[in-house]
Every structure is written in structure tokens, then in C-alpha cells.
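Trainee: Sequence:
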Amino acid sequence: MESRHKEFKNPIPTVDIIIELKDRGIILIKRKNPPYGWAIPGGFVDYGESLEDAAKREAKEETSLDVELIKQFHTYSDPKRDKRFYTISTVYIAKAKGEPKAADDAAEIGIFNKDNLPEQIVFDHKEILRDYFEKRR
1 MESRHKEFKN
11 PIPTVDIIIE
21 LKDRGIILIK
31 RKNPPYGWAI
41 PGGFVDYGES
51 LEDAAKREAK
61 EETSLDVELI
71 KQFHTYSDPK
81 RDKRFYTIST
91 VYIAKAKGEP
101 KAADDAAEIG
111 IFNKDNLPEQ
121 IVFDHKEILR
131 DYFEKRR
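1 is the number of the first residue of the sequence shown in my numbering; add one for each residue after it.
Honestly, I wouldn't trust all of these hints.
[Unchecked claim] Below 27 Å or equal to it, Euclidean Cα-Cα: the simulated DSS-like pairs (lysine-lysine) are:
hint	residue 1	residue 2
1	Lys-101	Lys-60
2	Lys-83	Lys-126
3	Lys-97	Lys-22
4	Lys-80	Lys-32
5	Lys-9	Lys-22
6	Lys-60	Lys-32
7	Lys-114	Lys-83
8	Lys-101	Lys-114
9	Lys-80	Lys-30
10	Lys-22	Lys-126
11	Lys-32	Lys-83
12	Lys-135	Lys-60
13	Lys-83	Lys-6
14	Lys-71	Lys-60
15	Lys-101	Lys-32
16	Lys-22	Lys-95
17	Lys-30	Lys-71
Hints listed in this document are in silico derivations from the structure and should not be mistaken for laboratory results.
Using the sequences and the hints given, assemble the complete structure.
Mentor: Next up, the structure:
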């Protein structure tokens with residue numbers, strides 16, 4: 001009997017979290033793994049995990065901060081957004097208090113605003129940040 005099961009190549013769900021620190025700016029991480037450069041904190045959604053739980057976990061893993069998710073901002077799905085895999089990222093806006101510390105695959109932490117963003121921003125995070133700052137005016 002012939003199997004009707006097909007192999008599917010599905011995109012991988014990810015989350016990115018724009019973490020706002022009151023009166024200071026937003027947090028970006030400098031990646032210690034390729035692709036190297038600055039990025040919005042985030043990562044892969046684990047099997048059985050909600051997007052919201054993944055966002056809180058990734059924020060904690062990379063910045064050592066507990067965050068409060070404010071809202072789901074936007075979903076980015078360009079197949080070329082990550083050269084390694086086809087990912088679909090749901091971006092959240094969150095707020096946090098305290099001093100962030102680089103952890104997990106974050107080599108460094110920076111606090112930035114619209115006028116002092118670093119040059120080397122990876123993935124499609126320049127586009128995400130442009131959209132964020134445009135809508136936050």
C-alpha cells in the first residue's frame with residue numbers, strides 16, 4: 001500500500017522582542033554566533049510553547065531581564081529574512097526594569113534609540129526597527 005504522507009518543508013516559528021527601558025531606549029544584543037552583528041533579542045519557539053512564553057523566555061535568556069509583553073507588534077515572513085533557515089518571526093513590544101546583562105548567545109548588550117542605532121544589524125532587524133520607530137512617533 002502506497003503511503004499518502006508527504007514530507008513538508010515548513011517555516012520555523014521565531015519571536016523577536018523589542019524591549020523598552022523607560023526613558024533609556026531599546027535593547028539590542030551583539031550576537032556571539034553567526035551571523036555576527038547586532039540583533040533584536042529573540043529566538044526559536046520550542047515545541048509545545050506559546051509565542052508569548054517563547055518571547056518571555058528568549059528575553060530572559062539573552063538579557064537576564066523579566067519582561068512584560070505590551071503587545072504583538074507585527075509578523076515578518078520574507079523567506080530571505082534569515083539566510084540559514086526560512087523563519088517566520090512574530091515581534092513583540094515589551095517593557096522591563098533593571099540592568100540588562102548579556103547571556104546565552106548574546107556577547108554584548110546595548111541600549112539604543114532611533115538616532116544611535118549600530119551599523120551592523122543582522123537579519124531583517126533594520127526593517128523591523130524602522131517600522132517600530134515609525135509607528136512609535
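Trainee: Now tell me, hint by hint, if it's right for this structure.
Mentor: Quick rundown of the hints versus the structure:
A hinted pair counts as satisfied when its Cα atoms are at most 27 Å apart, and Lys-101 with Lys-60 qualifies at roughly 10 Å. Pair hint Lys-83 plus Lys-126 holds up; C-alpha atoms about 15 Å apart against a cutoff of 27 Å. A threshold of 27 Å between alpha carbons decides the hint, and for Lys-97 with Lys-22 the separation of about 8 Å falls inside it, so the pair holds. Note on Lys-80 and Lys-32: the hinted pairing holds, with a Cα-Cα distance of about 21 Å set against a maximum of 27 Å.
Pair hint Lys-9 plus Lys-22 does not hold up; C-alpha atoms about 41 Å apart against a cutoff of 27 Å. The straight-line distance between the Cα atoms of Lys-60 and Lys-32 is roughly 17 Å, inside the 27 Å bound, and the hint therefore holds. In summary, the hint linking Lys-114 to Lys-83 is supported, as the alpha carbons are separated by about 26 Å, within the 27 Å threshold. For the given pair, Lys-101 sits about 21 Å from Lys-114 by alpha-carbon distance, which is consistent with the 27 Å threshold.
Among the hinted pairs, Lys-80 with Lys-30 is consistent with the structure: their alpha-carbon atoms are about 21 Å apart, no more than 27 Å. Of the pairs offered as hints, the one joining Lys-22 and Lys-126 holds, with about 22 Å between alpha carbons and a cut-off of 27 Å not exceeded. Proximity of Lys-32 to Lys-83 is assessed by CA-CA distance (about 17 Å); at most 27 Å being required, the pair is judged to hold. The hinted pair formed by Lys-135 and Lys-60 meets the criterion: a straight-line CA distance of about 25 Å does not exceed 27 Å.
Between Lys-83 and Lys-6, the direct Cα distance comes to roughly 25 Å. Compliance with the 27 Å bound is thereby established for this hinted pair. At roughly 17 Å between alpha-carbon atoms, Lys-71 and Lys-60 fall within 27 Å of each other, so this suggested pair holds. Using a Cα cut-off of 27 Å, the hinted pair Lys-101 and Lys-32 holds, with the two alpha carbons roughly 14 Å apart. Restraint check for Lys-22 and Lys-95: the C-alpha separation of about 8 Å stays at or below 27 Å, so the hint holds.
Only pairs whose Cα atoms come within 27 Å are accepted, and Lys-30 paired with Lys-71 is accepted, the gap being roughly 24 Å.
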